[in-house]
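There are 2 protein chains.
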Amino acid sequence: MKSLLLGMVCALLFTTADAQDSLPLMPMPASVQRGSGQFVIDSSFMIAVTGVQDPRLLRATERFLVSLRRQTGMFPLSMKISDGSPASLVVHADHAGRDIQELGEDESYSLTVASSGITLNAPTSLGAMHGLQTLLQFVATTPIGFAFPAVTINDAPRFHWRGLMIDVSRHFFPINVLKRNLDGMEAVKLNVFHLHLSDDQGFRVESKKFPKLHEMGSDGFFYTQEEIRDLIAYARDRGIRIVPEFDMPGHAISWFAGYAELASGPGPYAPERKWGIFDAAIDPTEDGTYKFLDHFIAEMAALFPDEFFHIGGDEVNGKQWAGNPKIQAFMLKHGLKDKGDLQAYFNTRVQALVHKHGKTMEGWDEILRPNLPNDILIQSWRGQESLAGAAKLGYRGLLSSGYYLDLMYPASQHYAVDPMSGAAASLSSDEKKRILGGEACEWAEYVSTENIDSRIWPRMAAIAERLWSPQGVNDVASMYERLDVVSLQFAGLGLTHNSYYEPMLRRIVGSEDIAALRTLADVVEPVKEYAREEQAVTPATSLSPLNRLVDAANPESATARKFSVMADAYLGGKADAQTKMRLRDYLTAWRDNDVKLRPQIAASFLLQEDDSLSRNLSLLGDAGLQAMDYLDNNQKPTSDWVTQQAAMIQQASKPSAQMLLMVAGPIQKLMSAAGGENPSNKP
Amino acid sequence: MKSLLLGMVCALLFTTADAQDSLPLMPMPASVQRGSGQFVIDSSFMIAVTGVQDPRLLRATERFLVSLRRQTGMFPLSMKISDGSPASLVVHADHAGRDIQELGEDESYSLTVASSGITLNAPTSLGAMHGLQTLLQFVATTPIGFAFPAVTINDAPRFHWRGLMIDVSRHFFPINVLKRNLDGMEAVKLNVFHLHLSDDQGFRVESKKFPKLHEMGSDGFFYTQEEIRDLIAYARDRGIRIVPEFDMPGHAISWFAGYAELASGPGPYAPERKWGIFDAAIDPTEDGTYKFLDHFIAEMAALFPDEFFHIGGDEVNGKQWAGNPKIQAFMLKHGLKDKGDLQAYFNTRVQALVHKHGKTMEGWDEILRPNLPNDILIQSWRGQESLAGAAKLGYRGLLSSGYYLDLMYPASQHYAVDPMSGAAASLSSDEKKRILGGEACEWAEYVSTENIDSRIWPRMAAIAERLWSPQGVNDVASMYERLDVVSLQFAGLGLTHNSYYEPMLRRIVGSEDIAALRTLADVVEPVKEYAREEQAVTPATSLSPLNRLVDAANPESATARKFSVMADAYLGGKADAQTKMRLRDYLTAWRDNDVKLRPQIAASFLLQEDDSLSRNLSLLGDAGLQAMDYLDNNQKPTSDWVTQQAAMIQQASKPSAQMLLMVAGPIQKLMSAAGGENPSNKP
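Which chain is which? The protein sequence lines are L and G, in order.
Under the working numbering, the residue at position 268 of the first sequence is numbered 268, and the numbers go up by one with no gaps.
Under the working numbering, the residue at position 571 of the second sequence is numbered 571, and the numbers go up by one with no gaps.
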């Protein structure tokens, strides 16, 4: 029963990508030409790997088989790597790629599926690995068996740097969480995993040279060097580089827990529990600082093989420097006018150390000062202007502004951000070449092992497409359609972005009966940008449980998005009878929900804060139904009604319990239309 | 929307165990006395472990904390093992228990929750570990926080042997699959994990003495000795013994792949691909056989520390022996009249070897012959009579008949089977003491890594309760109510008995739109007992994909069970208006489903066989609605209608695609009642 009712809704709301017309690929390849016919997969499926015999590619092919078996339900006893028999799929790479994966390696591939067989060709193993991932995205169930539809794909990425950063300092995530996210990254062809390994709240890597870093700076939650090496190998097997970040000179309180002498003010220090920007910063005026960093960077540069070494450099407020007479005297003596000059001095010395240990320095855009050498890399988080500005000054950069997943924006908003748009659009062609790509960031103040995947996926895939696919691939409806499909594929990889939700709701209610809460939860989103901090009654800390509705709610409400599309169709006169019925079903369900949720609100301490949201959703549902009645009956509401409802909407649109009711917008449109406004005038 | 509609159904169908009245414990403890008040869990939650400082218990306490953090969403930074501060929970065990867990160790515990604190006392670590699992089952969300309701529990198991057997030969399951099942076993206090490690289709353990056993007998799918040791340690940490089984002299073809000289007929042999009983058997007349077994048992007896060593012994058809003149001559010479005598001769010699290597022999009930020593253990699978018979002859036994999970019977049926019922009920008290308990068996002809958990859980928990709880705990409605709750808890442990379902349906349909298939899938069950083999058009083999609807369908349809309860209420005049509406909603959904599923059936090779089921479900829905119309309007159907519908029901009740439509029964009741029969006369 539940499935039937659910089904009726799904059938209406979800448009399945028709396998005969388009393939549900994400990121969309550079070129896709559909052929006729298909290659049918049966138990004799064999893969031959010709060309270079790269162990990494062989392992990737084995993993391809594991995935294909999972996707078809076939068994390991069939479907093998060929031992010479004629192959169903021939995977050919000319070269193995670099031992340590490098920025700019050839990642292109071509893939041809015909009814007689499949060929995958690539200059390097990296490209072949990407091609295998493409193939896994279009296994189809057909009348005669599982099959790959005939197609010719030629593909290569638009940008060389396609990254995801996870902040493992503010909350710690075990290796298995990182690994499943690497699996997700592989599926959408991302190639850089940036680990934000230290911050005020925690230092997360074992240091053998300075063991008090992890011993006193991590509360016991850190990665051993062995785990890091294993993770790097795991990432390399998936065509992903790992870039480590050790944030300095600010965001470094966790270092000071074990090494207070590095700080610019007296200790003692302990890992910070609160969130925000703190005064403490590394002392850039002491030679001891650079001796320490020389040894530290040497150790970490050896542990992390990647060319790039990220030194952070963001958000130094300079207060501890200003309060230290010795540092002030140093600045005076060296002609350093302000904290910016002092940080530039620090960066210059750190850059020399990074360079000494064979690495290229990377940092947030605050580090950009003209006296740094041109080979450093700028990660732009404060706006697209800084990216273009860096490129003009001769620096390479990548865009993170607009790709902050923790700000809870919808996929469409991230999707619209292009590294080459805005200020970058007017750069010269040489300057444009300095823009290497982009990186999504997941800062972890409000992220737990339980909900982290939902904070990254599936929205990450939209950014991955922006960074891989041609600039002209930007149809939002198509993006969401394919996102629905690949999101389910991610679940098959072990990502928990779907499965976390119901257990969290059950915990909040304290019962398996989560129907009413789910109706509410499905239409709310956490507040955007930094509003969660701004609206907190009691500031959250690293000890605060993340078990509230705001922690369970999806960053993007699919229900609200789909309701909004239907409401627009209705107001545009394009809704059929069924769509009208669905709109009314939704509104009725919302109107009637508060009565059901009320006893559960009384019974659960976690639900009490959601009282207003629940009441407001019922008011919205009621108002929406009334608006549809007016519209359907060609009647006009009284001006009292209009005024009253406008006040209600204003109230219901306000954040509550750090969440937003995402259906307030479309229902406001219904009410405005009922009140006589032209809907096309509304945003 | 979907959640609301789903919710309305759930709210009606699921009765949440009211935390104020009864605790959702499974297995139900021997004694539960509710108190008043509760212990509120906050971030200062501390556990002290007093008494014996057993590393196993300390690890169990750490794992308890991990689970409690998961259940509350609190963080590792709070909730700790006490370092001397006053504790919220005091765990006290007098003794650590044996280094190698033994049959009959004290597993009792007492647990008291008061508003001031929690105490858990047990004679051994085993009992304390069980108490921790009990505690995890009743964390409640309350108006003032997460809390344990006040209660006093005194608990001890009814039987010392509470087992689960998994056949890892017919299909191989990776270690992680076994581990998550051990987690489930721990949660319901099972204490024996029986690994059926060899059979015709595969030999699954590395042998260093006879490496061709795993090299040629496993298709590469076997456990290394290191993995086995790790698994044993994992099980021991959860209070679970591991009993290995090497089936002989029949079911041993996989041995012969590497060692054909052990067989009673000429080779060569390869691991069997088909299912069934085969002729090949170990040659019991050759001294070489016993030399081999002496070394083999020595090796495996050292690898598996448990006291018991299972030699199988089932289903020897004797044909290979009958066809071998040398063996026939041997039998004549030694006065062995038939295959039974010859197997008894074999068993006697094997028992001597098992004994020599320090173990107690266990076998299926076929091994029971009076000349074997009394310390062997009989696992009764062919009926309760053999269990009682063995006890009368002085042998210890355990019951598996009635606990075969692979036969796809409902939890209620297993729950009704009691080791002390049937023939055992009339045993003397000394004889009864020989009945050690029971063991559920999961044979793996039709089981994959994907669906194995669903074939075991949650039904296993009902058997676990039968084996742990007092004999008088047998309220089926209460069992199902609690099963619904713990089933969700199992999901939290990583068991996939719920999460496997939708991905399998999506694969069958080849789309994310599984609504119509789910409506059908929710009301079917795989055919029972051995009917899947009997009804196969083409016999399945170990190469057959397990990706059909019968592989996805749950062994027990919750929807059909709940519909049936509602239909009974309706026919008994006890249904309210809402229940009547629900019945009609179900019937309408079923009636209208075939039209929706039809295009998907045409598009998927995996759905084609489900054509009749889909049509029949629609006919059943239609007939049920008509029956309700007659009943609600106090009208009589024509005798033509009655005849016609009876024929339809008969058709719809037949297996199709190796599945049964489980709503045919309750709908037949509706039709019979409409036709004038007294429903109380119907079964």
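Calculated directly from the structure, the hints in this document are not laboratory data.
One thing to keep in mind: the hints can contain errors.
List time: in silico EDC-like cross-link candidates among lysine to aspartate or glutamate, alpha-carbon distance up to 16 angstroms [unchecked claim]:
1. K80(G) - E226(L)
2. K562(L) - E481(L)
3. K80(L) - D585(G)
4. K319(L) - D341(L)
5. K433(L) - D418(L)
Okay, the calculated bits of chain L under chain G, using three or more residues with CB under 8 angstroms as the criterion [as the list claims (entries may be wrong)]:
6. 338-349
7. 598-612
Ideal Cβ placement from N, Cα and C applies to all residues, glycine included.
Hints, one by one, checked against the model:
1. With a C-alpha separation of about 26 angstroms, the suggested pairing of K80(G) with E226(L) is violated against the 16 angstroms cut-off.
2. Our distance criterion of 16 angstroms between C-alpha atoms is met by K562(L) and E481(L), whose separation comes to about 11 angstroms.
3. With a C-alpha separation of about 48 angstroms, the suggested pairing of K80(L) with D585(G) is violated against the 16 angstroms cut-off.
4. Between K319(L) and D341(L) the alpha-carbon distance is near 14 angstroms, which keeps this suggested pair within the 16 angstroms criterion.
5. As the CA atoms of K433(L) and D418(L) are separated by approximately 14 angstroms, the hinted pair is consistent with the 16 angstroms bound.
6. For the region 338-349 of chain L, the stated coverage by chain G is violated: 0 residues have a C-beta nearer than 8 angstroms to a C-beta of that chain, whereas at least 3 were required.
7. Given as covered by chain G, the region 598-612 of chain L passes the check, having 6 residues with a CB less than 8 angstroms from a CB of that chain where 3 are the minimum.
Going through the hint list in order, the structure does not satisfy hints 1, 3, 6.
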